[in-house]
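Chemist: Here are the chains, one letter per residue:
2 protein chains.
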Amino acid sequence: MASEDVQLARKAVEFNRENLESVLKRRFFFAPAFELYGGVSGLYDYGPPGCAFQANIVDVWRKHFILEEDMLEVDCTMLTPYEVLKTSGHVDKFSDWMCQDPKSGEIFRADHLVEEVLEARLKGDKAARGISAAPEEEDADKKKRKKKVKQIKAEKLDDSVIQEYESVLAKIDGYSGEELGELMVKFNIGNPVTGETLEPPKAFNLMFETAIGPSGQLKGYLRPETAQGQFLNFNKLLEFNNGKTPFASASIGKSFRNEISPRSGLLRVREFLMAEIEHFVDPENKNHPRFDEVKNLKLKFLPKGVQEAGRTEPIESTVADAVASGMIDNQTLGYFIARIYQFLTKIGVDEEKLRFRQHMSNEMAHYATDCWDAELKTSYGWIECVGCADRSAYDLTVHANKTKTALVVREKLDVPRQVTQWEIELTKKLFGPKFRKDAPKVENYLLNLSQDELASKAEQLSSDGKIVFQVEGIEGDIELDSKFISIEHKTKTEHVREYVPNVIEPSFGIGRIIYAIFEHSFWSRPEDAARSVLSFPPLVAPTKVLLVPLSNNADLAEVVTEVSRVLRKEQIPFKVDDSGVSIGKRYARNDELGTPFGITIDFESIKDGSVTLRERDSTRQVRGSVTDIIRAIRDITYNGVTWEEGTKSLTPFVSQSE
Amino acid sequence: MASEDVQLARKAVEFNRENLESVLKRRFFFAPAFELYGGVSGLYDYGPPGCAFQANIVDVWRKHFILEEDMLEVDCTMLTPYEVLKTSGHVDKFSDWMCQDPKSGEIFRADHLVEEVLEARLKGDKAARGISAAPEEEDADKKKRKKKVKQIKAEKLDDSVIQEYESVLAKIDGYSGEELGELMVKFNIGNPVTGETLEPPKAFNLMFETAIGPSGQLKGYLRPETAQGQFLNFNKLLEFNNGKTPFASASIGKSFRNEISPRSGLLRVREFLMAEIEHFVDPENKNHPRFDEVKNLKLKFLPKGVQEAGRTEPIESTVADAVASGMIDNQTLGYFIARIYQFLTKIGVDEEKLRFRQHMSNEMAHYATDCWDAELKTSYGWIECVGCADRSAYDLTVHANKTKTALVVREKLDVPRQVTQWEIELTKKLFGPKFRKDAPKVENYLLNLSQDELASKAEQLSSDGKIVFQVEGIEGDIELDSKFISIEHKTKTEHVREYVPNVIEPSFGIGRIIYAIFEHSFWSRPEDAARSVLSFPPLVAPTKVLLVPLSNNADLAEVVTEVSRVLRKEQIPFKVDDSGVSIGKRYARNDELGTPFGITIDFESIKDGSVTLRERDSTRQVRGSVTDIIRAIRDITYNGVTWEEGTKSLTPFVSQSE
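First to last, the sequence lines map onto chains Z and R. Just so you know, we're using the working numbering here: the first sequence kicks off at 1 and counts up by one. Just so you know, we're using the working numbering here: the second sequence kicks off at 1001 and counts up by one.
Bound conformation, chain Z alone (with noise of 0.2 angstroms):
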């Protein structure tokens, strides 16, 4: 087959999900857990295959974004203590809301809950109604949480009602834990079992946590991203680049994140790998010296404008249109969005199936400028893979704060400048006789005011001859006039700008884009559907060569010796199947493994030493000497080449084996 033929094909048998999930198993890319013990949901482990698979795309990440962008690599641990979660927020605000069934124990997602009973409701009213259900496509990613409601009723809606559901569901993401028990009453939502009555929802924080040390004092949780190990290293990192700006560090590394009641697969998962970048740079200039490499890349975007009119087609702009309309808040984050792209369809991603999807306004974290999300379409619907944010100053300026350490770029300004502002001075043997052990709370207050409270505090200070302020942890007025403190408006000249960088953060959940990319990956032969197909890249496949002799007979077996001594000493990873079923058999379950390429060892390898090359996609063979099938073999797998360049010097094969 040629290459449009092997397009083709790939599309005429339809997806199955099934079928997919069938060969992952049974091929051990990976299992749930302890599933000698019953399994524990959201836990899997990666088999030989899925191992391999995740540790290429590892590998094609460090080189393609740490490598060939000279980022800083860090490896932070995951235990963390309750103070560092306490400052990012996450003690407080990473939580979800559960609610619980007072009789059985059982325990709902309230969201999930209340979408997946309004949506079984809609359904049940279209039967009602005699419409069919809406088509796949819009109601697919939603499908994933679809268990807990098993039986649609059908059942006739007033039209109002409809009218309310479909409102709820069209803002579901974005209610209070109060305002779900509210609709929870409001729509009579219990188990949707027995119909029992579920209590009030309640915040459950999705960090695991444990004690560290033999004191059980020391609380601690297992981080729920690497980001903040990065950002407590910001001054180590800094100096390591010897004070220059803009840098970034990157981490790979597992996160945490104990889900109330984890389904589909892959895709929502208790311990999963990421891999993080923090690029950080000036507020003042955030461009990118190699955004011309990158910028008329042509991307499928859904900026938030377009969400919001509730539509769902993507625009297609390049991505220097897109930082110029202002679609992309700036140049480094339009780079690393195109950066993403061009690693996600190195790595085997289906371009048609990824767009770049902006955050909402009530989606973004208040601190935020800009976030768009790599999504992709998966039979789940489109999934966040990546998400690619400015995050603004907020991380190193909370944890500056809390620690009261300056996390700052310096940078020795070619002209000095003159500054104007406020400053206060204070009288300080006068405090600690007037304050005595508050007296550094209430210094400490003094110093940390801003210039437009020591304006006003001046002002105050020059018209009543003194300020009156109150401390926390003080009781009552504190009054101070001129002999204590001074605040003057003073002219200095600076020779040294200080800025806390801004962070922009690439972040990419290695397993949601390992899963995506077996769906992008998976057909059936036309001509036997169940002949299964991964068609990873070959710089990814788990194995990229499969040796094969024609039978058992032991001359070929040496052949097989030399030709696998070669590939170990080249690096190439490849496994030898020598069992006795037929040759079309043998690749066969080598194509549900995804191997690229295979080598036949027949009786004219003896003779002349050729052998045969085969391709997993199209079929197609060629021969050669073991020198040159190797090459080729190399060549297509690390240096980018294409079959048909890679193959051309060698000799076309037809066999009779497929």
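Read the hints as simulated data drawn from the structure, not as lab findings. Bear in mind that the values here come from a model prediction, so they are computed numbers and not experimental data. It is possible that part of the hints are untrue.
[As the list claims (entries may be wrong)] No more than 20 angstroms apart at the CA atoms, straight line, and that leaves these computed lysine to aspartate or glutamate pairs for EDC-like:
(1) Z:219 to Z:209
(2) Z:569 to R:1578
(3) Z:575 to R:1069
(4) Z:244 to R:1578
[Unchecked claim] Pairwise CB distance ranges (calculated):
(5) Z:21 to R:1015: 52 to 62 angstroms
(6) Z:496 to R:1131: 53 to 63 angstroms
(7) Z:552 to R:1413: 16 to 26 angstroms
(8) Z:22 to R:1290: 30 to 40 angstroms
(9) R:1582 to Z:410: 16 to 26 angstroms
(10) R:1350 to Z:565: 26 to 36 angstroms
(11) R:1607 to Z:68: 25 to 35 angstroms
(12) Z:105 to R:1477: 35 to 45 angstroms
Just so it is clear, CB atoms sit at the ideal spot from N, CA and C, and this is done for glycine as well.
Chain Z is fixed; fit chain R onto it per the hints.
Modeler: Here is chain R on its own, set in the frame of chain Z:
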């Protein structure tokens, strides 16, 4: 310098741990985690060079073991439910003894405390007698723990007391908690600072505990090793390997150990990277097919006999002799010991500071057949960095029993064999009426009797006409006659042999190995002790090449860009240093980072495209074209070529700049 001169130079200045640590922290190889928040003991972050070094070592490990030996890599979850670790024995036995000070709340690890106090008293005795302390060598491995006892009091002890102390110290690793408590009372050991009497030792389990899911009812731990996930997936791995043994699985990942009071830097941490292999082998044939490839390697062994005789000089022996003499239990164990040696020396371990120490009988788990540790000598003493144990069938057996799932290999016999054994048959329809709800318990008891038990029961049945027994959970004696059961000696023909494979487990502590290599690689230039070098092998060095333009001239910058492009294309990790400082200083900075090669770009480079290549340890330089220089770097770094060989076609170059 020639290479012997380098060897001499490396030994000229005495090793100083503080200097090393200062370089490692200053260059951000690693740093205490959460330092901004005051730090958490036993947790460290790796900065860019440490992280790259670690990634390179993991990469070599993966190629050396997984790829080279065709192992099946898996990636299993760290979160592990209680039941799994209860079965494995970790819930009951993975603990240290701790004592609390009832007044201060301070917690001490009991064995370390007894050891420290007795050693301090022995030192005080020597001081009082005017004898100098024991030589550094013997004492060094205890040094790491010497923090609690700050002052040594010069006080003479009775000779009998000295003898008693020494005998206790020799056995310190073997005491139970109760015994440690008795020693503390007997020798009046309390809080070494205040003298306060401590509470008796309590077992402290070293696993981090957490709750999985929202109910809080599924207790889990962070895994203490990566092994359990591999055992639990045994059946899937065996199937993946087409039912054939021997085969090995392997896993690289973080494990956790909640140390009571971790000290000694990277050697005793709470979160650490492990790489573990589980090699599954027929218990009746532990030969290894590739044993011949390593059998002539000569290694340093410290077998248990030598240690039990109180000696520490290792025996030099080939692996072949060690296995033939029975010192090493079997070929597979010997094979892996040799492969561990090859791996460690490849990544920079000094083979003079590497020995294989056998576990003594009282150290080894009861089920283990034989166990050897690769120990690396550091300034903290000899440190266990790799374990290599024959764990027999223990792990698979306990999980199989607990989950009632067979974890066995089924081997088709070429020649069927006759097996005679006792078989029991139950007349099940009589069990229900007689035992009611207890029937399954009774049946289960009977069906799980061993051959010996069946033999004795058969005898009882034939002599008494009945058997009498008790079953846990059922009150009173149970009597059954031959209406209920028959027990017969039967001969069957077996076509399949079924067995539980044994496990040989090489287990690597990557962080400890990394720290040992830091020490083994560190030296100072004799001409200037402030100039330190980390002589990592190029293969694992964090950065391979430093690009150094002679000045900031724009024409030189162009050459830098061009050379960078080539290095990036060749995927050789490099850095550019175009700072204004002298070339010598720039190289000195990178010697501390262990960068093996420097490329100097000067004004000749603009004219004829030639550049200078500098070797880190000898500071020798050669000159050639960019292509030739990069080929030399590639060959030396990745293809195991020596400097002499790799640069023989290049022109020696003498510079003034060092």
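Chemist: It remains to establish, for every hint, whether it holds in the given structure.
Modeler: Hints versus structure:
1. Z:219 to Z:209: Measuring from Cα to Cα gives roughly 7 angstroms; hence the hint holds.
2. Z:569 to R:1578: Cα-Cα ~37 angstroms, so violated.
3. Z:575 to R:1069: Satisfied, since the Cα-Cα distance of roughly 11 angstroms is no more than 20 angstroms.
4. Z:244 to R:1578: With Cα atoms ~13 angstroms apart, residue 244 of chain Z and residue 1578 of chain R stay inside 20 angstroms; holds.
5. Z:21 to R:1015: 52 to 62 angstroms: holds (57 angstroms)
6. Z:496 to R:1131: 53 to 63 angstroms: Check passed, 59 angstroms falls within 53 to 63 angstroms.
7. Z:552 to R:1413: 16 to 26 angstroms: holds (20 angstroms)
8. Z:22 to R:1290: 30 to 40 angstroms: Hint holds: Cβ distance 36 angstroms, inside 30 to 40 angstroms.
9. R:1582 to Z:410: 16 to 26 angstroms: holds (25 angstroms)
10. R:1350 to Z:565: 26 to 36 angstroms: Given range 26 to 36 angstroms: holds, Cβ gap about 31 angstroms.
11. R:1607 to Z:68: 25 to 35 angstroms: holds (31 angstroms)
12. Z:105 to R:1477: 35 to 45 angstroms: holds (41 angstroms)
Hint check: a violation occurs at hint 2 only; the rest are consistent with the structure.
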